[in-house]
Every structure is written in C-alpha cells, then in structure tokens.
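Position 60, counted from 1, in the sequence shown is what the UniProt record's numbering calls 60; the numbers after and before it change by one each time, with no gaps.
No wet-lab data here; the hints were simulated from the structure.
Be aware that a few hints might be false.
With beta-carbon atoms standing in for the labels, derived distance ranges [claimed, not checked]: (1) Thr141 x Asp55: 37 to 43 Å; (2) Thr138 x Thr200: 42 to 48 Å; (3) Thr168 x Asp128: 21 to 27 Å; (4) Ala47 x Asp128: 16 to 22 Å; (5) Ala47 x Asp151: 39 to 45 Å; (6) Ala199 x Arg53: 26 to 32 Å; (7) Ala199 x Asp151: 45 to 51 Å; (8) Arg137 x Ala47: 21 to 27 Å; (9) Glu72 x Asp151: 34 to 40 Å; (10) Thr141 x Ala47: 26 to 32 Å; (11) Trp177 x Ala47: 23 to 29 Å; (12) Arg51 x Arg169: 33 to 39 Å; (13) Pro73 x Asp134: 24 to 30 Å; (14) Thr168 x Ala44: 19 to 25 Å.
All residues carry an ideal CB built from backbone N, CA and C; glycine is no exception.
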Amino acid sequence: MAGNSNTLGRPRIALLHWQLDVAWSLLEVHLGDLDDSAYLWEPAPGAWTVRRRPDERWTADRPMTDLSVHPEPVRTIGWLTWRLGSWWAETSVRCFGTESGDRLHNDGTADGAAEGTAEGTAGDWPGDGESTLDWLRTIRTDWSRGLSTLDDADLDSTARAEWLQRGTRPFGYVAAWVNTEVTRYAAEIGLLASLHRAATDPWHRPRTGRRPGPGWHRHTA
Numbered sequence: 001m002a003g004n005s006n007t008l009g010r011p012r013i014a015l016l017h018w019q020l021d022v023a024w025s026l027l028e029v030h031l032g033d034l035d036d037s038a039y040l041w042e043p044a045p046g047a048w049t050v051r052r053r054p055d056e057r058w059t060a061d062r063p064m065t066d067l068s069v070h071p072e073p074v075r076t077i078g079w080l081t082w083r084l085g086s087w088w089a090e091t092s093v094r095c096f097g098t099e100s101g102d103r104l105h106n107d108g109t110a111d112g113a114a115e116g117t118a119e120g121t122a123g124d125w126p127g128d129g130e131s132t133l134d135w136l137r138t139i140r141t142d143w144s145r146g147l148s149t150l151d152d153a154d155l156d157s158t159a160r161a162e163w164l165q166r167g168t169r170p171f172g173y174v175a176a177w178v179n180t181e182v183t184r185y186a187a188e189i190g191l192l193a194s195l196h197r198a199a200t201d202p203w204h205r206p207r208t209g210r211r212p213g214p215g216w217h218r219h220t221a
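Could you build all of it, start to finish, from the sequences and the hints given here?
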C-alpha cells in the first residue's frame, strides 16, 4: 500500500502506516459510491450538517470547539467529512507544519499559515462529494508524507506533540489517535450510507410477505 513506502527498518512506523491504510480503504469504500445528495441526507430532524452560505462557502452547523450540546445530535455524512478533514488537517499542521516547511509555534500555529492549511480551511466544507474526497486524499497524503520522514525514536519524543495534553504524550500517541479517528469516522459514515440507501432505495427497504425467489434481481431492471 502507498502509505507503507520508505519504512524499511522502522517497524513501528510501518505498522502505523498499515493501520492507516486499512482505515483509509474502508473510508474510500463508503464514500466512493455516494452521490452529493447522500452527503446532505439528514437521518433525523435536527441533524448537524453543512450549509451553503450566501457567499457560496459551505460551513458546519457547529464549530469543532463547541462542547455545549450533550448528547450531540446525529450528523450528516457531509458534517462528518468536514469534521474529520478539519481535525486531521489541523493535527497535521501542528505536527509537521505547512507544506512549505514553516516553523511551528508553541501554540501549534505555523509561520505563514495560508489558505489551504488547516488554519485557512477549518471552517469550510468543499461543497460536493468529489471535492470532499479529493480534499481528504490530500490531507491523508500530507500526513503520510510527514510520517514517512520520521523514525521510531520520533514516536517516543514529545517534540511534535507539545500541544497535546501539555506535552505529556509522545508523538506516537498522536499517530495512533489519527488512525483511530479515521477508523471511527469510516464506521459512522458507513452506517449512515447504509441508512441512506435503506431510506431512498425501495429495494433496500424492509418488505413483508414472501421473500423473492432465486433470480428475482434479473427482473428488476
């Protein structure tokens, strides 16, 4: 898999790449077959989603730092992809800086943080499924590239994780956290995708009476 490149002799880095590749493949499977309407389908009234503003930007119902609502309502696939992408991009900037190699400050921001980095895009959603998947792929590539520059000793250092729990956890915890979050969002999105199909495709809805016999699908075109 692509994420496992350049990890010879660094078994812990290779393992983290492998975990991310598995989680990412699940996310791609769930997102790959969705149309744009599925991203905005609300599974229940009051669901958090992403909305188009008069200035054509797409923003989420709640900022990432808003912890005032408990329990959180259900979310749309669009909201979940926005949340994953924004959090992951910000984490990448905090750990590795921007693509131009800008230095990170103690608060996790970078010199010259521009549009296209987590600081510039955390409030926006790309606006459609294809653009969202491209956005997430770019974030994943940037993260994997940064991870590939490290060795196993970096996993035990707090140099790239001073922003996390006041520097009490080494970078290895951050890398494992990323893999866990991608897995979590892949699972949530997969469930919502299944519910969306059940709600919008009559052949996925529960039916009463006799089950169709063998070959029934040949007569449904």
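Verification of the supplied hints:
1. Restraint check, Thr141 to Asp55: a C-beta distance of roughly 29 Å breaks the suggested window 37 to 43 Å.
2. Taking the beta carbon of each, Thr138 and Thr200 are about 30 Å apart, not inside 42 to 48 Å as hinted.
3. The hinted range of 21 to 27 Å is not satisfied by Thr168 and Asp128, whose Cβ atoms lie roughly 40 Å apart.
4. Roughly 19 Å separates the CB atoms of Ala47 and Asp128, a value that falls within the hinted 16 to 22 Å.
5. At roughly 44 Å, the beta-carbon separation of Ala47 and Asp151 lies within the given 39 to 45 Å, and the hint holds.
6. At about 27 Å, the beta-carbon gap between Ala199 and Arg53 stays in the expected band of 26 to 32 Å.
7. For Ala199 and Asp151, the Cβ-Cβ distance of about 48 Å falls inside the hinted range of 45 to 51 Å, so the restraint holds.
8. Here the CB-CB span from Arg137 to Ala47 is close to 26 Å, well matched to the stated 21 to 27 Å.
9. Distance hint check: the CB atoms of Glu72 and Asp151 are about 38 Å apart, consistent with the given range 34 to 40 Å.
10. For Thr141 and Ala47, the Cβ-Cβ distance of about 30 Å falls inside the hinted range of 26 to 32 Å, so the restraint holds.
11. About 26 Å separates the C-beta atoms of Trp177 and Ala47, a value consistent with the hinted range of 23 to 29 Å.
12. Between Arg51 and Arg169 the Cβ separation comes to about 35 Å, which falls inside the hinted range of 33 to 39 Å.
13. The hint said 24 to 30 Å for the Cβ distance between Pro73 and Asp134, and at roughly 28 Å that hint holds.
14. Checked against the hint of 19 to 25 Å, the C-beta distance between Thr168 and Ala44 comes to roughly 38 Å, which is inconsistent with it.
The structure does not agree with the numbered hints 1, 2, 3, 14 stated previously, though it agrees with the rest.
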